[in-house]
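Letter by letter, the chains look like this.
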Amino acid sequence: MSIRYLPEHVEIVLLTLDLVEHEASYLAYTHQHLFEQPIDLEWINQLALKPELAEKIDAFGARFGRLQDTLGEKLLPRFAALLGEKPKSLLDVLAYAERMNWINSAEDFIAARRLRNRLIHEYITDPSLFLEALQTAKQATLDMFAIVNRLRYEAEQLKPESAA
Amino acid sequence: MRLTQEQIHIIKETTQRFMGERTRVFLFGSRTSDINRGGDIDLLVETDESLPNRIQTLCQLEAALLMRLGDRKLDIVFKDPQSILSPIHEVAKRTGIQL
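Protein chains in written order, with our numbering: chain R, 1 to 164; chain W, 1001 to 1099.
No lab work stands behind these hints, which were simulated from the structure alone. Check before you lean on any hint, since a few could be wrong.
[Stated by the list, open to error] A few chain W residues facing chain R, derived, Cβ under 10 Å:
#1 Asn1053
#2 Arg1054
#3 Cys1059
#4 Ala1063
#5 Ala1064
#6 Gly1070
#7 Ile1084
Cβ coordinates follow ideal geometry from the N, Cα and C atoms, glycine included.
Full structure from sequences and hints, please.
Here it is as structure tokens:
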């Protein structure tokens, strides 16, 4: 199946997709190394004493946030533009992406964005909540990778409008 | 308090849908004042129930509120029977107005 698109937008979409895949590979590296160790409350409580662990969480949080931003603020709007749509706000972009089946749920995408504020270890006042935030982000990362894969698949289906 | 009746209804209804019917919601921060303009919506959400994954539920609640209220600055402080209380809980409870 091919998708009709506006050819003048295709180059920027493919460049942004490359950037997203690059960011996803860095996040995958940190995700793998962070979660290969058993993370429990004891591990969380050691964070203040082990700056190298805290640094890993910082890297994970930063890469998690960066991929979300590039997906939500760059790639999805540019994919929409490719199809002649110009959603104004992030919520409009996500609603359109949900209709196009690029993401499963706009609400889940926003919920994952809200997770970022809860991944900042300096603000740990409740270790068990922080543990839940890390575990939730572990799964949310895999959900984002699925979105990246889906958008790569969509990009591969593109055919110029004249050829459609 | 600077929230419309519709916003109050949305906040209470959505919060109770995610956190249970007996969840209490308090507005605190700059929106409790009738004088200022704009500002973040700061909420304290207090429940007696034990939720299986509190952070996931909280993030889903925030997302549902943003979808219904529009993208705006919104912060939720959460309190359940397991919560370790911090000064912000105390400030929110002392200065907050129950919705």
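Going down the list of hints, with the structure as the test:
no., hint, verdict
1, Asn1053, "6 Å, holds"
2, Arg1054, "6 Å, holds"
3, Cys1059, "4 Å, holds"
4, Ala1063, "4 Å, holds"
5, Ala1064, "6 Å, holds"
6, Gly1070, "7 Å, holds"
7, Ile1084, "4 Å, holds"
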